[in-house]
Amino acid sequence: MTRACLAALASHWRRNPLQSFAFLVGLALATALWSGVQAINAEARASYDAAVATLGDGQFDQILPRAGDRIAQQDFVTLRRAGWLVSPIIEGRLDGVRLLGFDPLSSPARFGVEGMAEAGDPDSFLSQGQLYATAETAQALGDGVTVLVEDTITPGIAVGDVGAVQQLLRRGDLSRLLVQPDQPLRRPALEDLAPHLRLQSASQSADVGELTESFHLNLTAFGLLSFAVGLFIVYSTIGLAFEQRRGMVRTLRALGVPLPHLITLMVAEVVALALVGAGIGVVLGYVIAALLLPDVAGTLRGLYGAEMAGTLQFRVSWWGSGMAIAVLGALAAAGGRLWQIARMPLLASARPRAWAMTLGNAQLVQGVGALGLLLCAGALAVWGSGLVAGFALLGCFLIGAALALPLLVRPVLALAEGTAKSPVARWFWADTRQQLPGLSLALMALLLAISANIGVATMVSSFRLTFVAFLDQRLAPELYVEAETAGQAAAIEAAAPRLGATALPLLVRDTQVAGQPTRLFGVRVGPTYRENWQFLAATPSAWDQVAAGTAAVANEQLARRAGLWIGDLVEVAPDRMLPLAAIVADYGNPRGQLVIGEALFQSLHPEVSARQFGLRTDDAATLRRALSDEVGIADSAITDQVALKAFSMSVFDRTFTVTAALNVLTLAVAGFAMLMCLLTLADLRVPQLAPVWALGLTRRRIGQLEVIRALVFAGVVCLFALPVGLGLAWVLLAIINVEAFGWRLPMYLFPADYARLGAYAILAAGTAAAWPAIRLMRVPPNALLKVFAHEH
Amino acid sequence: MTQADPALFLCGVQKTFAGADGPVRVLGGVDLTLAPGETLALTGESGSGKSTLLHIAGGLEVADAGTVRVAGHDLTGLSDSDRAVVRCRDVAVIFQQFNLIPSLNVADNIAFQARLAGRADMVLIGDLAARLGLSDQMRKYPEALSGGQQQRVAIARAIAARPQVLLADEPTGNLDESTAVQVLDQLLTLVADTGAALLLVTHSPTIAARMGRRLHLSRGVLA
Chain A
1 MTRACLAALA SHWRRNPLQS FAFLVGLALA TALWSGVQAI NAEARASYDA
51 AVATLGDGQF DQILPRAGDR IAQQDFVTLR RAGWLVSPII EGRLDGVRLL
101 GFDPLSSPAR FGVEGMAEAG DPDSFLSQGQ LYATAETAQA LGDGVTVLVE
151 DTITPGIAVG DVGAVQQLLR RGDLSRLLVQ PDQPLRRPAL EDLAPHLRLQ
201 SASQSADVGE LTESFHLNLT AFGLLSFAVG LFIVYSTIGL AFEQRRGMVR
251 TLRALGVPLP HLITLMVAEV VALALVGAGI GVVLGYVIAA LLLPDVAGTL
301 RGLYGAEMAG TLQFRVSWWG SGMAIAVLGA LAAAGGRLWQ IARMPLLASA
351 RPRAWAMTLG NAQLVQGVGA LGLLLCAGAL AVWGSGLVAG FALLGCFLIG
401 AALALPLLVR PVLALAEGTA KSPVARWFWA DTRQQLPGLS LALMALLLAI
451 SANIGVATMV SSFRLTFVAF LDQRLAPELY VEAETAGQAA AIEAAAPRLG
501 ATALPLLVRD TQVAGQPTRL FGVRVGPTYR ENWQFLAATP SAWDQVAAGT
551 AAVANEQLAR RAGLWIGDLV EVAPDRMLPL AAIVADYGNP RGQLVIGEAL
601 FQSLHPEVSA RQFGLRTDDA ATLRRALSDE VGIADSAITD QVALKAFSMS
651 VFDRTFTVTA ALNVLTLAVA GFAMLMCLLT LADLRVPQLA PVWALGLTRR
701 RIGQLEVIRA LVFAGVVCLF ALPVGLGLAW VLLAIINVEA FGWRLPMYLF
751 PADYARLGAY AILAAGTAAA WPAIRLMRVP PNALLKVFAH EH
Chain B
1 MTQADPALFL CGVQKTFAGA DGPVRVLGGV DLTLAPGETL ALTGESGSGK
51 STLLHIAGGL EVADAGTVRV AGHDLTGLSD SDRAVVRCRD VAVIFQQFNL
101 IPSLNVADNI AFQARLAGRA DMVLIGDLAA RLGLSDQMRK YPEALSGGQQ
151 QRVAIARAIA ARPQVLLADE PTGNLDESTA VQVLDQLLTL VADTGAALLL
201 VTHSPTIAAR MGRRLHLSRG VLA
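Chains as they are written, first to last, in the working numbering: chain A, 1 to 792; chain B, 1 to 223.
Since the hints were derived computationally from the structure, they do not count as laboratory data.
There may be inaccurate statements among the hints.
Not everything, but these chain A residues come out facing chain B in the computed CB check (under 8 Å) [what the hints assert, rightly or not]: (1) Ala8; (2) Arg253; (3) Val257; (4) Pro258.
Backbone N, C-alpha and C define an ideal beta-carbon position, used for all residues, glycine too.
All chains, please: the whole structure from these sequences, using the hints.
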């Protein structure tokens, strides 16, 4: 019985290849975008973990050379003898592989060499003199080196004992020294022991995983949106397939197939098809992820300094989740139809109810659902907090708007029908209204895709405008210099007036303000600050108060996290409270910052001297040369404002390459949804169009009207997508960004971009409608006549 | 079922449906017995309850009261799934609207119920197809067949399942007169060959006259 039933069920898909194609491709596209994004996220996270384990970045203070990239072995010996608990590191390249040597006895980090722990004794690590690396890296090193495979090490890096690596690199010196967390209280200053070395604090590098989390969350949200759009195709296809099989279901039951058995087989059928679609999707997802990976890696490197492996691994975490979500999505899409079948009386009419006319009570449910979701979105906007609540708001708002779409389009079409004069026009609008239920899923998918495009484009463009303005105001000094010593700092300040420049020293100290880790800055208030810094909110004489030491300026991140605003008091030092005179925007920086006057800073922290300077000058190139030649500043310690701006903008543009690509893919999926819907509906259209043809409308004219109908639908969807997209942009700018990064961006409108996007959407809809319309134009007259012959 | 058991036994069968103006009694205590190999025509006006009686006999519908025994199985109190199993193994229904599976070709449609029952006999199926003039149509799909051909496929499907009870609901209702006669001849010949009991619902006195026995149903009561 099972075999015969399965054969009958499968025969439907075989006889309706277009439906099978729509189902599989819909699910494949949905899974592809979702699993592609998950693959990227999984690869990035694995890279962060490996990097933390291998490089120990951000975990320990380090001693680095002031010039060049090497430290003499003697310096290490000197520091150890003086009481500094430091551990040597050597780095270099061999056959294109980065070699990293460390001393397992003194190193506070293990550099991802888990094998050392398993051996239980670092002596074996020392004596064997071999390297540890991934299989791929080991292959690159060739046969001359003994390599043990260790998958926890970052790809492209081989780790070994410092002595062994020195031998391989034919070097007798070191690259850097790791400083152990616990150091003797009394030890000579580094400057006195080795003035050519400098200490870099671990706090200068933040937790990469934490920093990038919001980026990955954004990608995940996009993946989910694309999945939802793809699932619309699946839902629509399953709906049609099940509707067309009502007769078959009745016959199977009448011939003796028990209902539970039939339902079980139909579930198995959906799962089997879903697995095939998801399998194709996972492969496509791999391709998409591999194509996007270089841009994502570039973004993460530029934005967060996070390194990411350049090759993609087939990890079970992402392809497994892709398969699972595809099967669950397909079952969810089929659930309603299976429920209908389970409740369908055996002798119910086998005549397929006009699939496009199955709304009835569903319309009411849809309306209530839409209203509920939109109310939920409103409640989350007012009372929600946290990133998850932000994304929940986004989901409620988008799905609520999509559900509301058919209910809002209906009166628009009724209005058009009411104003139509000619009989053909009246029929056209009435028929368009009749098609709405059948096309509503495709239209909802289109609405989601266009809204997402409008919303994200508005956010990115607003961000770009704001970022450019922000760079202009914050990067006002023409040169930035970092002094290595207090003497050098004094020399810079002394030389600046002589070289025709104004020095703006920046005093820095990490502290806690209002319970938040904060970087406290002491600035010399002058025209540069007064003229360039634009506040989000400020008292009229904010800079005067800061200069007088009677107020402070907080960046937006600190203000929002600590719940502070103008006039609120903050404790800048024990027993020293200051009111906030201004809040300043600070894009691209995850930390809280507080700015006070130079004099106040010096009185509170006399031990801190300025090491960073902004220099205002009319001739940056000459000043740069003079600083190198006359003051002895290393060229690498001087940063040019123009180069800094260009670099920042290139990082910015690259950041949104991935977003733009996902945007285009989502729109493409929505276009495909429209095409599939129109194609599958085309067969149902013949009986509806035959009477009109019989009454005198040519097949060509009917085909043209079909295309016009698709254009009308796309146009109406675009009109509705505009407010939804702008709402989405507002949520992204005012809620998601604030939660994810701690800053709120102003929202700008870009009507030309919206018009262009609308034109693309209408063009896509017209293209999607062309194929089914051409098919309709070519329907032979006898097929149209059959419609009448079958009537009893 | 033993040789002495009737193929179909209905006793005091009642059925009431909810109507717009209150409950409508369709069957008011029907008693009917059909012996193996017997052919019986059930006639009556539209709405007299003929189809309902046929559906109850086939386990497609459940009686409100009374006993229904088909091929030795008492359907009273059986679950939907258990009734489906009886229907699959011992009963075959020929519908007025054919109810073929549109995505299966003629050969698969004919073999379908026999496969469900686990007793598909391809020789028998080939023979049936030949006798019903369907041998050239076996690879075609139902949409490509005429009404008469579709009805023949439905008859072949029912016979191929080798049921003990064959229920036919206006099997020639959609056919022209000459085709109807032809199809009926073939049906009766096949039934005689297999020894199945046939309960046939019809409006036509001509068709009813061809059956071994005739009963008239009027307002839910057999006359």
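Hint check:
no., hint, in the structure
1, Ala8, "6 Å, holds"
2, Arg253, "7 Å, holds"
3, Val257, "6 Å, holds"
4, Pro258, "4 Å, holds"
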